[in-house]
Amino acid sequence: MESYGILSVIPPALSIFLAVYTRNVIVSLAIGGLSGTLILGGFNLFFAPVSLMRDHIFVQVASPSNSQVIMITLIIGGFVRMLEESGGARAFSAAIVRYVSSPRKGQLATWASGISVFFSDTANSLIVGPLFRPVFRELKICREKLAYIIDTTAAPVVILIPVASWGVYIMSLIENSYATMGIEEDAFTVLLNVWPYQFYAFLALFAVPMVISTGKDFGPMRAAQKKYEEEIRTEIEEIKTEDEPKLIVVILPFAIMIAVLGGVLGYYALTEGVKSIHVNAGLCLSYIFASMGCAYVMKKFQGKSYNEAMNSFFKGMGNLMQVGAILALAWALSSICRELETGPYLATLIGDSLNPAFFPIVVFFLGAMMSFATGSSFGTFAILMATTLPVAHILVADLVLTIAAILSGGLFGDHTSPISDTTVLASMGADCPHINHVTTQLPYALLTGIMTISAFILLAIYQTPYVILVMLVLQYFAIRFVMNRFGE
Amino acid sequence: MEDYGILSILPPALSIVLAVYTRNIIFSLTLGAFSGSLVLSNYNPFLAIAEFVETHAFPQLSVSSNNQVLVVTLSIGGFIYMLDKSGGARAFATVMVKFIGNPAKAKMAAWATGLSVFFSDSGNALIVGPLFKPVFRELKICREKLAFIIDTTASPICILIPFVGWGVYIMGLIENAYADVGINEDSFQVLLSIWPYQFYAFLALLSIPMILSTGRDFGPMAAAQDRYNQALRDGTLEDEALDETEKKEDPKLITVLLPLGLMLCTMAIYIGYFAVTDGVKSVHVRSGITLAYIFASMGCAYLMKKNGNITYNESLNTFVAGMQKMVFICIVLLLAWTLSSICSELKTGAYLASLIGDRIQPSFLPLIVFFLGAMMSFATGSSYGTFAILMVIVVPMAHEMGAPMILSIAAILSGGLFGDHTSPISDTTVLASMGADCPHIDHVSTQFAYAATNGAMTMLAFIVAGFYPSPYIVFGILLVQFIVIRTVMKLFGHDAHGTQLKTS
Chain A
1 MESYGILSVI PPALSIFLAV YTRNVIVSLA IGGLSGTLIL GGFNLFFAPV SLMRDHIFVQ
61 VASPSNSQVI MITLIIGGFV RMLEESGGAR AFSAAIVRYV SSPRKGQLAT WASGISVFFS
121 DTANSLIVGP LFRPVFRELK ICREKLAYII DTTAAPVVIL IPVASWGVYI MSLIENSYAT
181 MGIEEDAFTV LLNVWPYQFY AFLALFAVPM VISTGKDFGP MRAAQKKYEE EIRTEIEEIK
241 TEDEPKLIVV ILPFAIMIAV LGGVLGYYAL TEGVKSIHVN AGLCLSYIFA SMGCAYVMKK
301 FQGKSYNEAM NSFFKGMGNL MQVGAILALA WALSSICREL ETGPYLATLI GDSLNPAFFP
361 IVVFFLGAMM SFATGSSFGT FAILMATTLP VAHILVADLV LTIAAILSGG LFGDHTSPIS
421 DTTVLASMGA DCPHINHVTT QLPYALLTGI MTISAFILLA IYQTPYVILV MLVLQYFAIR
481 FVMNRFGE
Chain B
1 MEDYGILSIL PPALSIVLAV YTRNIIFSLT LGAFSGSLVL SNYNPFLAIA EFVETHAFPQ
61 LSVSSNNQVL VVTLSIGGFI YMLDKSGGAR AFATVMVKFI GNPAKAKMAA WATGLSVFFS
121 DSGNALIVGP LFKPVFRELK ICREKLAFII DTTASPICIL IPFVGWGVYI MGLIENAYAD
181 VGINEDSFQV LLSIWPYQFY AFLALLSIPM ILSTGRDFGP MAAAQDRYNQ ALRDGTLEDE
241 ALDETEKKED PKLITVLLPL GLMLCTMAIY IGYFAVTDGV KSVHVRSGIT LAYIFASMGC
301 AYLMKKNGNI TYNESLNTFV AGMQKMVFIC IVLLLAWTLS SICSELKTGA YLASLIGDRI
361 QPSFLPLIVF FLGAMMSFAT GSSYGTFAIL MVIVVPMAHE MGAPMILSIA AILSGGLFGD
421 HTSPISDTTV LASMGADCPH IDHVSTQFAY AATNGAMTML AFIVAGFYPS PYIVFGILLV
481 QFIVIRTVMK LFGHDAHGTQ LKTS
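Those protein sequence lines, which keep their order, are chains A and B.
Following my numbering, the numbering of the first sequence begins with 1 at its first residue and continues without gaps.
Following my numbering, the numbering of the second sequence begins with 1 at its first residue and continues without gaps.
None of these hints come from the bench; they were simulated from the model.
Watch out, some of these pointers could steer you wrong.
One side of the interface only, derived from the structure: several residues of chain B facing chain A at Cβ under 8 Å [to be verified]:
(1) Gln68
(2) Leu206
(3) Met323
These numbers were taken from a predicted model, which means no experiment stands behind them.
No residue lacks a Cβ here, since even glycine has one placed at the ideal position from N, Cα and C.
In isolation and in its complexed conformation, chain B is listed as follows (with noise of 0.2 Å):
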């Protein structure tokens, strides 16, 4: 076997430079992934298109957990869109907000309706935003607040659930890199041992209970209030007529909760089963997914045929078009392995570690890892991508050096989430935005105070992390925030009311 060298971090290099100036992912993947391949053939670009569909892109293609991969993400985006169609999700968030008896509490109620849409992420942003519109326009609360607090719990939640689309796409990634430098264990269990780690994505979700339970607000958050009540006395404000009135019959509850409960039932059955006989291991748990997801869909057509008087063949249809909304994805985790297998051979990871292995202590790589899934992440838009590169680079160099996989994993997730949470040219956010109804422009500055502390607080997380790696830390950084939180409140905050309350 030869040595490539500086060569071997020309793919995953290529690929972080395009991605970050085209923000197209597919064709950065695809590029940097032929670069690889160009190298290995010999600068033959003949050969190398060749081989790079068939050595590369084929094989990985058929790897059965890849192919599970697909499958199940497939019949998750299904359902998300059958969800979507039958209203179901819609009447879940609206029984919440039913649930608000005092109407101060509508903040707390709209991250907690975040919290319940846990099954997607779009959906999250866009169902929980319109439903809280008028509460907030009620009291008196700036956009710009619900659109926070629907980013923070649109992506937060989703990956911190094992079963959805999230979950399975990080199953899928971490299973190859896994598979690549030798390291035989099943996904699951990584993804679960990591799970303790996702500081990020733990310290945003909670950290906004704590912001609202100060009363306060500080930066352009504080401000974007002020402009608000200034707009409502002078009476600026576009009133846009209460268009939400024209919403038909409320869809009924048990269009969710019987495609949910089916879900969760057959998950738990089929999970349980196999955890009594012989372990829990990923082609079950994709096995049940799948089959939870298609029986929940079935349940779904189900309803839609009884209350919506839609037929069992629209259904279908329903199911497939929402497949077809995960084309995209499954051609970006297509390409991710290749790239994976490419760099393998390539022995990127083994170069990279040889570089900068003496240099520093493997303790600080989670750390590093974090800043650059943050940057690449802001820069792309795109945390999927981020994940996608990431992990094909880290976690054989972090194998290499002998630094702390789980963590190095745990810090891409970080990372790339932190990004995507500010990034302006994210969808996710993009989509907060929407679903508020408030200027894109607004939002990304107002939230980017509050995502900056929580980074701030994830660094600090995985500094302490390196060192004394324990699931509880995450506990105590817990503390941490919420107590920088009161001060930073105390020191630079106003009433979250602002000017309002004395005026009126």
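Okay, chain A solo, but in the shape it has when bound (with noise of 0.2 Å):
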């Protein structure tokens, strides 16, 4: 095996620089895994792209673990399209909507339907948004705070959901990540290990109802809420009540699916113990009966026949289309870093200089700043799961806690960002302009980022899970001294 030295390092970093550059994961991925099997096969422009389709992309794609991933995105991207359909998402959320009288309780049942809505991030923004856009009319409360609050209950409830999308997607990066570096771990188990340090994600959920509990906001976020109360707004809009949905419309599916996956699951931890490709097979299954269900309640309210069901079953799995592209490039780029060794000689450069302690803390960074600059989680999760993760198990670091170090720098770069697909949507379902949603949201983000940065360093001292329950409590008196000194 011959050394590339500082060749290696460059599918990932051209990937990065193009990917902030043209701000598109997939051009940026295929140039990135192009340069790399560039470099691989001597620089033979013929050959190269050859190889990437068929040392790497078919063989990622064929591999058993990845294929099931791209199954379960695609059907996933169906039930939530027929979800959607169906009203039953809107149903889920005109359920708590009744209960609401106060700001503070409009502004709180807002976050607890953001988070009910855990399947699936764009579907939070685009149902919730809309949703309570009247609600918070009504109640004087500007449309900048619905944004926040939304965009906020977005990617941070999915991403602590292992059953959902990003957990999936996730478990896939991981599993090829830790087989890459030769560990055998189940890569659910990994995930649930990872789970109490997924800090960023915890901070800014609970972030949320902080804020609400002081009825104040700072910053930009109190100048909008004052121009806004200034200009009462007059406008008309559209307060079509349709006919409320029905609530078997959500609960049908959501039973369905639940019964489905605990049944699965608990056959089989009773029988041979739940293994990853049982988890798969459990969800597809699941959300494949629970689209059944829709189609049932979609037959039975709306008139919809099966074939227009599943029709939209379909469109709703090509949605998530690029979703399997990126995927699919990700995991050949990692595939081509894995022969390069990038892994290895990037922990050669910075092997010596530092604590693997503090490892995390370098990756958190890291990972918010490629999120930011790019935009996409996913990405970043893809690339830097694929780069930093080898690093750590050879600098001796905790993986653990370096996967939580990705997830909450994705996670944090991602929430902040302009030009992340998130945020855009918030913006879109709260209805205010984008601009004025990423810079209200900001001051926000980042007091959760800091509260972030903090706990890894505690937890490069003392290693526990319970980290995190001290630093909501820090957190929690930390808005409330913000507020108070700067608040109104």
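Fit the two chains together into the complex; they arrive one by one in their own frames, and the hints show the way.
Structure follows, in structure tokens:
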């Protein structure tokens, strides 16, 4: 095996650079991957594309766990689409809205609805946003606040649910990386271990009720709220109270989903232990059966035929095709990096200069920057899992913490980035100008980000899952302090 | 290994019945395959569902050749959609129209244009149809004739080109079926050896110039032309405004030539390179095809940027949107593979072969398969679905019986194509009516007489081939077809312009 030295850094570096520059994850990954096969093939321009296709993309997509992930991702896409069309998602939120009376309660209800729509980040913004818009208007709260709440309850919630699409995606990246390093560990177990260390997700989620409970705002958000109160809007908006979808519309699919998933996992837990393939099969089946439930409900309440329902399922699958393409390319890049030994090379560079305990902090910064610059937390996860995990392995840094740092960093960058799709969707859902949303959200997100860094520092000293509890208390006081000092 | 006997034909039989009954190929394949896994798991429905996904669907998905087929299918979808959007295909056909020096040759030109749009079946009907509508109108030829021509040049041409979506799809099915019976043969080679036996495709394609050359029509088509002439005389023909003129400046020809050129070059270079070095294997063909389509799409994107000011990001989105259109086909493929994996475990093929093996001569198997395929495809309107289900049953059966494998597969293809061509509920038939803008039922009934002639010829070809398998049969049968068409036209045909010539 020859050593490629500095050349081995080119594919990921090029991918990151291009992702920042072009903001197009697919093209960046493809070119990065191509540069890798070019290096591997001795700069044979003719052979490099074939090799990328044949030795990396085809091989990676065909690996059992990867192909299962693509399958599940697509099926979830189909299900989410059906849930949207059947009005089930709306019904879900509508049930909560009934008990809203004060501004605080209104915001808390938004937060709770956001959390309850845990299965999809995009659905979150697009369902909760429009639903609560009229409520916010009535309670005289500015749209920016709504955008902040739904943006914060989108990705951070989804990332904490291991059976939603994010969990599946992250699991696949972990599995791939672990296989590269030769570690035999079930990805699902790893994900569960990482769970208590997902600081940014927890802190961001709980920052919302903390902020709401003070009844105050600071910085740009306060300015936005003031401006809003001054120009009390008079424009008539669509108050088309469509006939409220029945609650059964949502309860049935979810009950089916949970029953099937529970049944399959329970069965295997009793017989041969829950392996990744069982989780994947269970997910596939539960989402398919839940979609059938949706189709039944659509037929019953909306008079849609099963064929129509099936077509919307396919449309939903198609919507996630881009994610599938990103996945395939990210896997290919990671397989190329493995062959180039990028990870080992990077480790030799920073190996001596760094205390392994602080490695997660470095990774968090890296992730935040990349994700902020590219607007894609999925892309960041893919690149960092492929590059930093092998380094962590060689440095003997804690792998679980490194993964947690990747996730927190990526999430933080994604949350604050103006070019992230979830940020854009939150502005869309809340119907407020995009730049306003980004600027008003930034101080809140930064506060959470600082807390997250402190958490990782604290963790470097005392490693325990209870750090998160300490941090939550600290954050509570920090928010109180800031609000009393600068808020109004 | 226990013997499942009659139960082993339950999955494919159920699939076929459901396909005909519900016309929903995905639903039918799923239930069929599920019934199989139910049998395999001793009627434990809970285990059957889990097994279905874990031991059949997931492993099939990760078989590398299957996976490659999916990747290729998706990239083809992306490219076709881009070509559509860039207006390149239209430009191409427009130029073909310009080459019609003599307007009397319009019908032949429609045929030739249809042939040249070989990369997409739906594109064929939708592009060629609207282009030739005004030409046919001017020449006072009925729309039904146009619909017949574009319908016939749609699928039959696509099935004959190994590197478009049809070829890739069929290769995927063949590879899987072969792997299940344990034949180790490269699917690309198989597809090439089947090529000369795709009787229906050849006969249908070449029947058009034969019919046109007689200058006559017979049966419903002649009646349609009479009706059209009558309507013309009465002036009752709704005179739809020639809104065709509102089309913007013609897209440049380069928008199609560059991408297609890139595609063919890339493909030729890579396949040529591998042919010289380590032999053309399916995996090389597929990488070559995928790259070819991706490069061609890049060419498209470049031109769209240059001529249409469409950003690369938008182009990428277009490509992805095209991929989305292929999801349906990918699901059908996956389910077909799953069904095939279940059938091989149930030994369906062996059972069927033992059932009818002694009663009929293996040489007649292709003929039977052709009938079966035609009926199924006619009833379901889906040639893709027919291919998928029949490939699972027929390949193992032919293997057990010692029937000619290549011919049997060719019979599946011909049968499926024939049924699809004549079926009123097939999407290609509907698209042809749409493209030619003629009432759907009229198109179906006028086309039927011609298609049935081809079908009869195809049957004849399979009978002969069953006894004397030779690639040259297709020439013989073409000659016979020529004579038959001439005779039929002499006996029953009217002048293609009917009474219109005398009256005007």
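Verification of the supplied hints:
no.	hint	verdict
1	Gln68	5 Å, holds
2	Leu206	37 Å, violated
3	Met323	5 Å, holds
When held up to the earlier numbered hints, the structure conflicts with hint 2 and nothing else.
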